[in-house]
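2 protein chains.
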Amino acid sequence: MTLIQEKVKQAVNLLKEFGADCWITFTRESQINGDPTLVFLAPSSVTWHSAFIISTDGKTHAVVGLYDQKTIQETGAYDNVVGFVTGFKEPFQETMKKLSPKTIAINYSQGSEICDGLTHGMYLTLHGLLSEIGLADRLVSAEKIVSALRERKTAGEIAAIKDAIRETQEIFDKAAGFIRPGKTEKEIAGYMQAEVERKKLRLAWGESTCPAVFTGPETAGAHYTPTDRRVERGHVLNMDFGVKVNHYCSDMQRTFYILGQGEKSVPADVRKGFETIVRAVESSKQAMKPGIQGIEIDAIARKILVENGYQEFPHALGHQVGRFAHDGTALLGPQWDKYAHKPFQRLEEGMVFTIEPRLTVPGRGVVTIEEMVVVTKDGADWLTTPQTELLLIR
Amino acid sequence: MTLIQEKVKQAVNLLKEFGADCWITFTRESQINGDPTLVFLAPSSVTWHSAFIISTDGKTHAVVGLYDQKTIQETGAYDNVVGFVTGFKEPFQETMKKLSPKTIAINYSQGSEICDGLTHGMYLTLHGLLSEIGLADRLVSAEKIVSALRERKTAGEIAAIKDAIRETQEIFDKAAGFIRPGKTEKEIAGYMQAEVERKKLRLAWGESTCPAVFTGPETAGAHYTPTDRRVERGHVLNMDFGVKVNHYCSDMQRTFYILGQGEKSVPADVRKGFETIVRAVESSKQAMKPGIQGIEIDAIARKILVENGYQEFPHALGHQVGRFAHDGTALLGPQWDKYAHKPFQRLEEGMVFTIEPRLTVPGRGVVTIEEMVVVTKDGADWLTTPQTELLLIR
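If you read the sequences in order, they're chains A and B. Quick note on our numbering: the first sequence kicks off at 9 and runs consecutively. Quick note on our numbering: the second sequence kicks off at 9 and runs consecutively.
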């Protein structure tokens with residue numbers, strides 16, 4: 009079974025689980041304004057107005073432009089594929105009249121960007137088309153369906169993520185041999201990107217911050233482009249980096265310490281910061297299991313940092329990973345406005361999370377580790393091999 | 009002046025031209041649900057809720073997550089950059105209360121996908137935030153502003169497109185030496201993609217159809233993935249292909265004829281088809297100038313094909329090209345539902361269009377050429393060197 013067949017089948021069951029009669033993914037020119045859900049439903053982009061309609065009776069329909077018809081048919085995931093030339097309206101309305109669903113779930117969400125693929129203009133078009141056939145009052149958010157489809161990873165999805173992690177670790181290991189005093193953040197980033205190219209991989213996010221490289225005190229934070237700042241002895245350096253394998257991402261951070269002139273071991277302030285981060289990661293992972301809320305996990309790491317005299321990190325403890333480095337709805341995060349209801353979602357088996365607390369060691373730099381775990385039936389397993397020692401640059 | 013500075017400045021003038029007080033681009037996690045307008049306003053993706061606010065008084069504001077603040081400040085394009093940690097609401101509402109604009113243009117459009125970057129969930133959020141401060145009834149579509157910003161190309165944008173065209177032509181030329189009877193469509197596509205990699209370029213659209221390769225009769229159309237079908241003598245082969253240089257695209261089609269066994273010259277049916285396409289392209293280009301509607305140009309090519317006994321092509325004659333292979337709002341197209349009001353837009357100086365009529369020669373294959381032109385002050389100039397002879401494979 010292909011991933012698309014697997015995911016379309018999973019969707020039928022999710023409709024039943026969440027009590028929706030029908031789910032529509034509605035998009036056009038998906039290379040421009042792509043709904044992030046489309047990759048689970050079609051093997052390539054679509055050009056004209058296209059609707060992928062899944063019904064709780066198990067029947068699956070697609071209404072697409074003529075040039076996309078054959079591609080969609082060949083997925084084997086749809087019972088009925090209509091290709092149109094001049095207008096989407098008629099075949100779409102015909103299909104919907106026959107289904108006449110009581111609820112129609114569509115891809116919008118205020119709280120979860122990954123479930124918010126329908127643009128406002130397309131919403132207006134869809135609403136207009138359904139109004140004409142008396143169905144517009146049945147629209148509801150598909151957030152629960154889309155979240156579960158992305159979050160409950162299949163074995164194939166986990167395997168791809170593991171491959172991405174292995175490649176990422178190899179590149180971190182090589183970079184450890186390249187970093188030395190005098191190298192700039194940009195040079196280190198360039199070295200790692202050249203490795204990605206040599207391995208014929210893709211970056212997990214935008215090239216301007218993948219890797220992000222921060223060396224020394226007072227850098228601007230985790231999402232800032234590498235600079236001409238040079239590696240110096242006695243400083244902490246950290247990197248945030250990931251690659252894609254078979255469309256699935258890794259997202260990892262590692263911390264390095266550049267030994268001072270004549271220094272034999274890691275000084276106490278750096279060691280304390282690092283050990284606090286390791287403990288925060290491990291304690292968070294220990295508490296993860298299906299049913300718990302992300303906010304409870306975030307609080308564990310946050311408390312360990314504060315108790316050890318460090319400031320809280322100004323971001324969530326961890327996010328999900330999948331097709332995107334930041335994926336899914338449920339979040340290991342605090343109750344902050346911008347995170348909406350994400351921290352209150354309950355963990356489920358098959359979810360893949362990062363754990364990434366951060367702290368500043370004054371005068372040294374930022375210590376941060378980002379590991380990846382998968383939620384299991386009764387706990388969580390490491391996907392990465394956790395960093396438990398500082399990477400020392402001599 | 010950087011492209012972002014140039015485009016933000018252009019936007020201020022467009023607000024005046026179209027009578028809008030204020031224009032907001034509102035996005036989050038732009039690597040997932042990116043507004044295609046963002047690339048003109050910011051050098052990289054943004055993570056948390058972010059608003060880029062341009063006011064008709066020439067003042068420019070950005071409200072972004074803390075980690076994006078420095079990147080946005082360093083563009084030098086914004087007078088005021090606010091970075092937040094826990095919530096977007098307060099700094100955004102503060103900024104908008106001070107501006108108190110009479111109209112607020114936002115990025116949605118039913119008829120133009122390129123202007124439809126605001127998701128429905130984000131629209132609901134924005135509407136809610138503006139309702140609380142009494143401004144929600146001032147929202148209007150920014151379609152005209154966004155269209156003009158993308159469509160009126162600067163000299164730097166045209167230069168990038170010309171570079172992309174030159175690279176594309178070089179790869180077509182090399183492919184002509186690779187194509188021979190027995191090669192499959194997939195092998196030809198693979199050869200061209202290897203050239204793209206060797207040149208360290210990027211494809212102009214998705215790799216499954218860039219290039220699209222069609223050989224012989226009865227293929228599924230212009231947007232279909234290359235197959236294991238083999239090149240045969242006496243058949244027509246065509247390709248649709250483009251690359252990106254400095255983020256700007258080319259989009260070109262070229263037609264090849266594989267001479268039959270012992271055949272010395274192109275047979276009459278293929279020659280007639282090819283010459284009809286060449287004439288349709290040239291006549292369309294001759295008629296292009298500022299002020300004319302796209303539908304008038306489309307009709308010229310369509311008429312030439314029908315008068316010569318061919319069927320109309322089942323797509324628009326030409327689209328704009330820019331950051332995407334399919335870009336802009338104005339279209340050289342017929343009055344079909346799915347094209348909405350695009351064919352009725354008037355051409356303007358600086359717009360870059362394809363011209364790509366298509367016809368079938370029964371038993372031979374599909375003849376199609378796609379050239380690129382730029383609209384000038386009083387006409388249109390070729391950007392490509394037009395194909396006027398069939399590319400012969402012996």
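Worth double-checking, as some hints may not be accurate.
When chains are identical, the list treats them as one kind, so a pair holds in a single copy or across two.
Calculated lysine-lysine pairs in the DSSO-like style (CA-CA distance at most 27 Å, straight line) [unchecked claim]: (1) 78 <-> 346; (2) 106 <-> 346; (3) 24 <-> 110; (4) 182 <-> 208; (5) 106 <-> 194; (6) 311 <-> 191; (7) 152 <-> 182; (8) 182 <-> 106; (9) 311 <-> 110; (10) 385 <-> 208; (11) 207 <-> 297; (12) 170 <-> 97; (13) 15 <-> 280; (14) 78 <-> 191; (15) 194 <-> 78; (16) 24 <-> 152; (17) 194 <-> 105; (18) 191 <-> 208; (19) 346 <-> 97; (20) 207 <-> 194; (21) 208 <-> 97; (22) 346 <-> 105; (23) 78 <-> 106; (24) 78 <-> 105; (25) 346 <-> 24; (26) 97 <-> 207; (27) 346 <-> 297.
Hint data in this document are derived by calculation from the structure and do not stem from the laboratory.
Hints and how they fare:
For the homomeric pair residue 78 and residue 346, the shortest alpha-carbon distance between copies (20 Å) is at most 27 Å, but the shortest distance inside one copy (42 Å) is not. Taking the closest pair of Cα atoms, residue 106 and residue 346 come within 27 Å of each other only across two copies (23 Å); inside a single copy the shortest separation is 41 Å, beyond that limit. Proximity of residue 24 and residue 110 under a CA criterion of 27 Å is satisfied intra-copy only: 13 Å inside one chain copy versus 47 Å between copies. For a Cα distance limit of 27 Å, the shortest separation of residue 182 from residue 208 qualifies both inside one copy, at 16 Å, and across copies, at 23 Å.
Within a single copy, residue 106 and residue 194 get their C-alpha atoms no closer than 58 Å, and across copies no closer than 40 Å, so neither meets the 27 Å cut-off. In this assembly of identical chains, residue 311 and residue 191 lie within 27 Å of each other by CA distance neither inside one copy nor across copies; the values are 36 Å within and 64 Å between. In the homo-oligomer, the alpha carbons of residue 152 and residue 182 never lie at most 27 Å apart, since the shortest distance is 41 Å inside one protomer and 50 Å across protomers. Taking the closest pair of Cα atoms, residue 182 and residue 106 never come within 27 Å of each other, the shortest separation being 59 Å inside a single copy and 52 Å across copies.
When the C-alpha separation of residue 311 and residue 110 is checked against a cutoff of 27 Å, the pair qualifies neither within a copy, at 47 Å, nor between copies, at 47 Å. Taking the shortest Cα distances, residue 385 and residue 208 never come within 27 Å of each other, neither inside one copy (35 Å) nor across copies (45 Å). For the homomeric pair residue 207 and residue 297, neither the shortest alpha-carbon distance inside one copy (35 Å) nor that between copies (48 Å) is at most 27 Å. For the homomeric pair residue 170 and residue 97, neither the shortest alpha-carbon distance inside one copy (43 Å) nor that between copies (38 Å) is at most 27 Å.
For a Cα distance limit of 27 Å, the shortest separation of residue 15 from residue 280 qualifies neither inside one copy, at 45 Å, nor across copies, at 48 Å. Only between protomers do residue 78 and residue 191 lie at most 27 Å apart by alpha-carbon distance; the minimum there is 23 Å, versus 52 Å within a single protomer. Within a single copy, residue 194 and residue 78 get their C-alpha atoms only as close as 46 Å, which misses the 27 Å cut-off; across copies the closest is 17 Å, which meets it. With identical chains, the CA atoms of residue 24 and residue 152 are at most 27 Å apart within one copy only, with a shortest distance of 12 Å there and 43 Å across copies.
Within a single copy, residue 194 and residue 105 get their C-alpha atoms no closer than 58 Å, and across copies no closer than 40 Å, so neither meets the 27 Å cut-off. With identical chains, the CA atoms of residue 191 and residue 208 are at most 27 Å apart both within one copy (25 Å) and between copies (25 Å). For a Cα distance limit of 27 Å, the shortest separation of residue 346 from residue 97 across copies, 9 Å, qualifies, whereas the shortest one inside one copy, 37 Å, does not. For the identical chains of this complex, residue 207 and residue 194 are neighbours both inside a copy (20 Å) and across copies (23 Å), given an alpha-carbon limit of 27 Å.
Neither within a single protomer nor between protomers do residue 208 and residue 97 lie at most 27 Å apart by alpha-carbon distance, with minima of 43 Å and 42 Å respectively. Taking CA atoms no more than 27 Å apart as the test, residue 346 paired with residue 105 passes between copies only; the shortest distance there is 20 Å, against 39 Å inside one copy. When the C-alpha separation of residue 78 and residue 106 is checked against a cutoff of 27 Å, the pair qualifies only within one copy, where the shortest distance is 23 Å, while the shortest distance between copies is 54 Å. When the C-alpha separation of residue 78 and residue 105 is checked against a cutoff of 27 Å, the pair qualifies only within one copy, where the shortest distance is 24 Å, while the shortest distance between copies is 52 Å.
Taking the shortest Cα distances, residue 346 and residue 24 never come within 27 Å of each other, neither inside one copy (31 Å) nor across copies (33 Å). Taking the shortest alpha-carbon separations for residue 97 and residue 207, neither the intra-copy value of 46 Å nor the inter-copy value of 43 Å comes in at or below 27 Å. In this homomeric assembly, residue 346 and residue 297 come within 27 Å of each other (Cα to Cα) only inside a single copy, at 25 Å, whereas the closest approach across copies is 48 Å.
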